[in-house]
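Generate coordinates for the entire structure from the input sequences, incorporating the hints supplied.
Spelled out, the chains give:
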Amino acid sequence: MPDISVREMTKTFPGVLAVDHVSLDFHAGEIHAILGENGAGKSTLMHLLSGLYRPDAGTILVNGHPQSFSSPRKALAAGIAMVHQHFMLIPSFTIAENILLALPGSARTRIDRKAFSQQVIVLATQHGINIESPDTRVSTLSVGSQQRVEILKALAASARVLILDEPTAVLTPTEVENLFQVLRRLKHEGYLILLITHKIPEVLAIADRLSVLRRGRLIATKETVATTPQELAQLMIGDLAAPAPHPEPGHKLYSNPTSSIPSSLLSLTKVSTSETLAGISLQNVSLTLGPGEIVGIAGVDGNGQTELIELLLGFHQPTRGSIVIQGTQLTQPTPSSVRALGVSLIPQDRRREGLALSLSVEENLLLNSQRLSTLTPSLFLAPNCVRQFARQQIDTFGIRTPSPTELVSSLSGGNQQRVVIARELATEPKVIIAANPTRGLDIGATAYVHHTLIDHCQHGAGVVLISTDLDEILSLSHRIYVLYQGQLLGPIDATTGHHALGQMMTGVSTTAAKSDDDI
Amino acid sequence: MTSKMHIKATILSPLLALVSAALVIAVALSLAGISTADVFTTLWLGAAGDSYRLSETAVKASPLLFTGLAVMLALRAGLWNIGAEGQLLVGALAAAWLGRYTTALSVPLAIATVMTASVSAGLLWAGCAAYLQQKHNVNEVISTIMLNFVAVYFVSYGVHGPLMEAAGQYPQTDPLPPAATLPRLFPPSRFHLGVLLALVAAILVWFYLFRTKAGFRLRASGANPIAARFAGIAVEREITLAFLLSGALAGLAGGVEVSGVTQRVYEKFSPGYGYTAIAVALVGQRSPIGVVFAALFFGALDAGASAVQRTVGVSSALTSVIQAIVVLFLAAYSTDPAQRLLRMDLPRPEHSLNEVDRQAA
Amino acid sequence: MEFLLALVTTGDALLHSTLVAAAPLLLAALGETLVQRAGIINIGLEGILLVGAFAGMTTCYATGSPVLGVCAGALSGLLLALLFAAVTVQLSADQIVVGVSLNLLALGLTGVLYRGIFGITGQALQVTTFSPVSIPFLSQIPVLGPSLFQHTVLVYLAVVLVPLFTFFLFHLRAGLQLQAVGEHPQAAETLGISVRKTRILALAVEGILGGIAGSYLSLAYSNTFIEGMSAGRGFIALAIVIFGRWTPTGVLWGALFFGAATALQFYLQALGSAIPYQFVLMLPYVLTLVALMLLRTRSSAPAALGEPYTRE
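Residue numbers (our numbering), protein chains in the order written: chain B, 531 to 1049; chain Y, 3 to 363; chain X, 5 to 316.
Derived from the structure by calculation, the hints contain no laboratory data.
Even for Gly, the Cβ is constructed at its ideal location relative to N, Cα and C.
One should not assume that every hint holds.
[Said to hold, decoys possible] In silico lysine to aspartate or glutamate, EDC-like type, Cα no more than 16 Å apart, as pairs:
1. B:Lys-717 - B:Asp-533
2. B:Lys-729 - B:Glu-696
3. Y:Lys-270 - X:Glu-231
4. B:Lys-752 - B:Glu-719
5. Y:Lys-137 - Y:Glu-238
6. Y:Lys-6 - B:Glu-936
7. B:Lys-717 - B:Glu-560
8. Y:Lys-10 - B:Glu-936
[As the list claims (entries may be wrong)] A few chain Y residues facing chain X, derived, Cβ under 7 Å:
9. Leu-47
10. Ser-57
11. Leu-134
12. Ile-147
13. Val-314
14. Ser-317
15. Val-323
[To be verified] Chain X side only, calculated, beta carbon under 10 Å to chain B, not exhaustive:
16. Cys-75
17. His-175
18. Leu-176
19. Arg-177
20. Ala-178
21. Leu-180
22. Gln-181
23. Ala-184
24. Glu-193
25. Thr-194
26. Gly-196
27. Ile-197
28. Pro-306
29. Gly-310
Below, the structure written as structure tokens:
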């Protein structure tokens, strides 16, 4: 089992020094966490180690011998494998076929599916990894299962070093525990596990040692037992005065405004939808929203969030139940008719769902049917009108752009999100659906988004906050629900901690929650 | 990137492609022992040698402008309309058919009737493909090409059968009555009112795309259909509308050709205008102004090429070769590696200066 | 009894004509299947057929040998396919745009070269063609023998390729690798599969097969070259790939279906039916539309089909 070292690793992208002369030593038989904020350089460093990127300077040492990897294949030959955050599995292939392709072998080999499936089962049992039958199609597997297939793939290819990139991002707390069990066992068998993460609690739970990166530089390497969460947070952020990356659970950032009449803005009553291609349908969902309220909906991605958003925006008619927005019952809804009732959306994926990258800033500020109809009553778009409106929004929302005619693709992520928010909030919506609104944003941008949402609430709007970030949910919401497999559990007491919420997110406990039905 | 850089790149790309294509043709011609200078001079003279030649260029450019606008409009909505050829043909046929009944009408009314017929025919023909795409998920590239072939045979049937000229000698329709003929503006040249109509169409398309809400919705649907849907735009409806408008424009091209140039419809009525239109739309960088210039260029190429065939002896099919090479270079130059090489680098958002939005780090 | 005999004879002849018409479609569609399984759409297949037809006929005219003609056809198809590969795979340009230009290029080139070499003639020039080869023994089988086993070599080639391709795609590691490229190129790349090389190879094979199919048109199906003689077969082959759900066996059935439709054209004309001949000629194209309309195939397409891939 190899020891791995990196010396003076450096990698630059156009305009950015991503990894800055990092030197580290890793030992076989340990779990080593690489800790850092978004943009700290941890993923890039690991991509250099796994052969996906080539370093500008520096060396990799495997058992003391310098190596260079021109491709992931070469790194794999040296025993280093990476399990990516977005899985590199072929969805339409079976588990066995996916693992087969990961093994070295001549292209001319004949495939013997039966024999190979047997081998896969043997390997899985050997390492105590629980997977479905090897003939199962990967597209039908749960996220946790797919991850285990990825790990098995690496082991089958004789990897000795496993690099896992944000492995718990898409797992429920139970699945996280399962993963940790697998990792501990592998560690005892002598493997080296490198964990890329920004979650301090997990690092403390599973890692033996950790290294903190900030702005591409190595800040410190520590034994897990010899440090505290506070110290780690400070090392990650680097500024004592700055607030903690996430507020402590249960602690509200802002005080509660009182809400007058609940349910006057939005009311879903026992709504069900038909099953989508992904196999998810909403079942018996009931939800209310009043002015000044933020309703938080927690849950792991893939439990119905997209379906809920599409439902609320009027993409389809529910199969059962009713939706009432600002007093109007929805029948034959369309996104434009729903928006006309005062609904706005800050979408989950701003580049894919919120912006047209080939259009300009001012054009993107118009990308909203409600905005289009209220800007001018006529069929025509006068350029002055458009320009003036754009300048207004750029001012009000602090969008940093050289001019309104700049293509929106050249804006930074934070500014792109400001464009989306400016557009969606400028129509003075009463119902704001905010889906992972701070995903991929730094602390300053995140605070801005939160502040803006709360501001609008204080002026009478209501926010449905759908987020995978539990801290965000806990610190902003007046009432909390959990979305699990298409069912809405709650409302839940706002002082509920992570662990209890986590249990509900996995369906383990529903007793702590009362659904609106019972009230 | 800034809009200024964008405009620069928009003009540079096609120019570069044209120059590259010219170089390749020059090399090929010299390898074949044909004088490049002869070919290029004849092309130029054939297109712009005197005022008559210039008017011919304009006449040849007119159907290319209509169909180029058609393809461009569809592209803006994210749609490939390879069926402009078929839509043009049925437009021409409809014009010839309905034109027979306009003898008693006044000139403006007769022309309007004929144009309406061609617009409707083109719209309906495109509608077939639009229907197949929307309701049955049939890929529009294949369906429009199939419809092109059907249209060709349909025209053949028409001119051999029910619409054949009264004299019964050649497979062609009777000429349109004088009332339905677009007037020639500068006799003896063939420059007809339709050429101006094409320019008007370009202005109208520009206005539609950039100064109306409907045009904005169309462009948004093409730029990012997912975001457009979330924005409350009925994307499917916009695409269908764009398809129909595109067909209408292409149909109009056919009507104008019959009414302004040939007066009759016959087999091989279109030398491939609908396919050249694709090159026109691409070289025109999907903008109405660009399409005007591109149509002029390819019209000039057409006019010059018949001269080349007569004097130098190289088949006029050379134009197809030139078109193809220009489009290939254009496609090649618009790719990332080429952009980087030519230093028309678009700053990629993934590596922008904002530390946070980097996916990798 | 006589009626039954007539029916059998007609059916028999129809079967023969079906195979004759299906062969070029099958060859072209098999090549395109490989390419689409690797994630690329090549609508320039039509152009490949055309240059194959031209190169085949010209070489045969010059040398008197149809075999050399087919070789020339294969070579010209290969060159065109490699041009496509250079721009779409190497540079990641838009596949539809490049495909359209390929067709234009083929049309123009064959037009220019044909008139350049042969001048503008009123009559079509004729060349020696392939003669049918009877397979001994099997062609003696009553009723079906002659119609199935008395064909030109190229027909046998097309049919034989079907099980070969099936084996390759589904039972050979290389075939699985090719599929991976079309489903998830990024994942394939991390598995050590070169997306670029795979796609170029697939296109090369398609070029050769398409070129052979094209030369078949001028050296077996007919005995001459006419401008534009591919007549949309490349596009029909594209449609066949879709109905065949991207499998060689499915493509075989699709090709046979269209071959039958084409063969039927001549019979309908021969029967002197009242239908104007243009509508009969429309049949394959209309049929393509109808078939595409009736079959639901979106879900079986390779997941990354048509999306350009660039390595980071």
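Any hints this thing doesn't respect? Which numbers, in order? Hint check: 4, 9, 10, 13, 16, 29 fail, others pass.
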